[in-house]
Structure formats: C-alpha cells, structure tokens
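Generate the whole structure from the sequences, applying the supplied hints.
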Amino acid sequence: MINAWLVGTIVAVIAGVVGFFVVLRGLAFPAHAIPNGAFAGAAGANLLGVNILLGLGVCALLTALGIGSLGRRGRNDVATALTLVLMLALGALFLSRSVEYEPQIYSLLFGEILGVSTTEILPVAVLGILCIAAIVVLYRPLMLSSIAPEMGEAKGIDAHRMEMIFLVVLAVATTMTVPVVGALLIFSLMIGPPAAARSFTDRPLLAMLLSIGIALVTLWSAITISYLSDWPIGFFVGMFGALSYGVGRAFTALRRTKLLPVENEPALAR
Amino acid sequence: MHQFWGWIFEPGFFSSQPVRVALVIGGAAAVVSAIVGVFTVFRGQSFAGHALADVSTAGGSGAVLMGVNPLLGFVGFGIFGAGVMDGIGVQRARGRDLATGIVLGASIGLAALFLYLDTTSGATTGATQQILFGSIFTIDPTTIPVVIIFSIISIGIIAIVYRPLLLSSISDEIAAARGVSLRLVGLMFMTSLAVAVGLSALTIGAILSTALLIGPAATALRLTKRLGRAILVACVLGVGSTWLGVLLAYDSYYWGSSHLGIPVSFVVVALIFLLYLASGLPMIRAASARRTPTTSVMEVAGR
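From first to last, the protein sequence lines stand for chains A and B. Residue numbering for the first sequence follows our numbering, starting at 1 and increasing by one per position. Residue numbering for the second sequence follows our numbering, starting at 1001 and increasing by one per position.
Keep in mind that the hints were calculated from the coordinates and are not lab data. As the structure is a computational prediction, the values presented were derived from the model and not from experiment. Accuracy of the hints is not assured; some may be wrong.
Some chain A residues close to chain B (C-beta under 10 Å, calculated; not the full set) [as the list claims (entries may be wrong)]:
(1) Ala-28
(2) Ala-31
(3) Gly-156
(4) His-160
(5) Met-164
(6) Phe-187
(7) Gly-238
(8) Arg-249
(9) Phe-251
Ideal Cβ placement from N, Cα and C applies to all residues, glycine included.
Shown next as structure tokens:
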C-alpha cells in the first residue's frame, strides 16, 4: 500500500506537469496515442522475453517520433491516427504470437497500482525526475512556443523541433506511468486535471501547480476508494478527471456571467 | 493456370463461411468508413473518429454486462458520446480535441469498470480481448442485415447534409452567412460518425475501425482535391486493402510450418499505412497535382 502511495504521488506530479503542456499545446490525441503505442512494446517485450520497461520505452519513442515526423506538414491528427493504428496492429501481431496473455493485457491497459513492487519504484522515480528536469530546462521556450508560436520563431525557437522534443518528453513520461496506472488511464490523468486547472486561472505557473494538485487529489482518492471498494482504479481516475473538468467548466461559465470576479491577467491562448 | 490461382487463393478461401462474412462485412465497413472518413479527415476530427471507437467499446462492454445486445450498446453509447463531445466542445479545433479527450477518458474509466465486472462475473472469458481487438473472422453471419441497415443510416445522414456539411467544412463563416446551422450540421455529422465507428468497432475491432476511417480518406485527399472523386478513391482503397488483407491473412495460415496466421488487422493496417506513405512520394504528388486544377474549393481548406 505504501508503494502504491509513493508511485501514485510521483505519477500524479508528472501527469500534472506534462499534462499542463499537453493541454496547452492541444496534444490530447498524441497523449492518447503514445501510451497505446507503448502498449505494443509491452506485448513485443513479452514475446521476446525482454524487460517490459524497455519495450514500452522503445515503442513510446517510436510512436512519438512517428507522430512528429509524419505530422510535419500540418495534418497532425491524421499522422497521429495512422501511427497509432500501426502500433496497435503491431501489438495485435505480437499478441497473436504469444499465449496466455490476457490478464497482463488488462493490467497494462488499465493499470495495477495496488500491486506495485518496491523494485518498480526506482525506475519510475528516475524517469520522473528526468521528465521534470526536462520541463524545467525547457520551461521558457516551451511556454513561448506553446502560447505564441510566431513569437517563438522570431526569437529563434524552431516550433517543429520544440514539438518533437516535447513529444519525446511525453514518451518518457508515458514509459514510466503505463505499468503503474495503465495505458488508458494515464491519458485521463494528463487531460482532466490540467484542463480543469486552466479553467480556474490564467496564470501559467499557478495553473501548473493547481494541475499537479488536482492530479494528486484525483489519484489519491482513486487509490483509496479503489482499495476500499475493490473496483478498478481506472474507473475512479476516469470519472474524477471528467468531474474536475466539469467543475472547471462550470466555474468558467459562472465567471462569464460575472457572478465571479474576472482576473486582469493576459489570457493564455485558448 | 489452375495451380496459379490455387497459389493465390489457398484451398477453401471461397467456400469458407467466415471468409465470406468477413469479405461482406469488411467491405461494407470499408465503404461507410471511407465516405464518413473523407469528411472526418477534411474537418480535422480524426481524434473524435478514433475516440468514438473506444467510447462505443465502453457501451459494448456495458451491454454485455447487462445482457443487452452488444450492437445496441456500441451504437447507442457511441451516439451518446458523440452528443456529449459536440455539446461541450468549443468550436475551435483545440477545444474540440480537449472535449473529445475528456469524454474518452470518462468512457475508458467506465470500460475499465464494465470489463472488470464482466470478468469477475465469470460468464465471459476472453471478453476483454474480443472487445478491444475484435476479429473479422469471428463475426456472426446473422448480424449482416443489421450491419447493412446501420451502414445505410450512416451514409444517409451524410447524403442529407452533404452540401451544408461540405460548406461548413470549408469555412464556418461562409456556411453561417448562407444560413447553415453549424450546430445542427455538426451534430448530424457526429451522429453519422458514431454510427459508422460503433458499427465497425464491433465487427472488425477498434484498430481496423480507425485505420479504415482515416487511412484511405487521408490518402485519397492527398491524391485528389475534388471531394466526390476523393470519396470514390477512398472507397476503392479501403475495400481493396480490406479484401487483400483478408486474403493474405487467410493465406498466411499456410505459410511456413508453424500454422500461426498473421492477424487480419495487422495486414490491413500495414497495407493502408503503405498506401498513405506512397501517396506522399514526390512523383505521385506531382502526377496528381498535374491532373487536378489547383484552384478547386478543396484547396482553400486543404490546411
């Protein structure tokens, strides 16, 4: 149980930080595609008898680079969709070659946070620190190219290169989180809390902190309720993610009708 | 000569019932997906097109749990999800993707619960894999009429809103100025998309559903700038790769000595992906650019 709390906390912080930029840059689809692509890697690693984390990492990176390079001339959504189905089809091919895999499929898709072992924490922590470090180093150019790509270009920030770098960060974040919360649920955690946070405030740094906070509350309460009720954690993460977004939208709607004071801050690009 | 055909079509290809069902349903799904897909790609709604497959999966697993016909679960929940996406979606593309993501996240959570309850109730072993990956070779032949009816509904909706849909896909402003209700057209399109995707997700699996929706349409839109022609090309490419994929997957059982066939979904997706890559080759691009005048309306929206 202690392991679940520890890993859950690390995952929520990463999801809050990386997810903030996912929402800001409109990368919801790649954020869904990369963990699913990584899933193919797990199936492949299982077939070859290699470490699952290695398989996840390689395939997450392949998906990220595929999306980035195919989507070079706009049409990001088509590139993402095609890369995603190609990886999933590879996963289906690997699965057809191995037998007795179903429980593992389920846990890789929907996560197994309550069964995390102590040896699994270290790689998650290391990759997590790597992600946060990358975001800290890239913070200013990444923020600029997310909000005002033209201004970024003028300051010498190559928008496409920045996109590729961020997709790689997303791939690293995915690799460490998939075995813990599952391919499908890391997506909910990266979209719901940051989207909610952005409804509450327009200040980037505050929004990011809020996003971490909401992700933490979501995951902590999901772990608790899942432990008590024995229902899958993924259900609670998915529901709380959508719920926090709903509350955020309601808050924005209230603010629009001037029931709440409006912040006099320059708005983020919506 | 006989030997040659026997080499291409391994024994029993045409007399096999599952193969015939696969060819019919796969072909129908490919045609519907191609027609709806051209608009999906054109409008930049690939994410919604893919997400609806997962959303309907949640409905399908819920239906299994409640003992309702899975098809109703698939299509019904898909339409409901599409409505919610459209309802909370902001008009701009980024907001739309976010709305899609939220609905997708919630549905995946529900699917997790339903699948968990399905497996613990013990009645349906292998339900996870069946619903997530589907298989074109295990379709129940009695579903053919239902599939055809839903296909006609999906294409019918597109036919009804064809002109306003085309107009609003090219430019919201122009369409609004001409008196088109963007909300209604958008909702109609999403409904058609949900029916098409739910249907193909149930029969051929979520992977193939997205592949057939996006791949042939994106390839066709690279080859021609005219919408009618693009739909035709997409249909040909979609049906062609599905049938060829079924054939190769069937034959693959006879390759080598291990008798481990290659999954149909992999073969079809590989074919579709190769077609898409080939359509981006400079010489093919140049050839198709020569054939079609660049001043067509599609150019305007060919972002």
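Here is what the structure says about each hint:
1. Ala-28: Since the shortest Cβ distance to chain B is 4 Å, the answer is holds.
2. Ala-31: holds, 7 Å
3. Gly-156: Not OK, violated: A:Gly-156 not within 10 Å of chain B, min 25 Å.
4. His-160: Nearest chain B Cβ about 16 Å off; hint violated.
5. Met-164: violated, 19 Å
6. Phe-187: holds, 6 Å
7. Gly-238: holds, 2 Å
8. Arg-249: holds, 7 Å
9. Phe-251: violated, 14 Å
Checked against the numbered hints above, the structure breaks hints 3, 4, 5, 9 and satisfies the rest.
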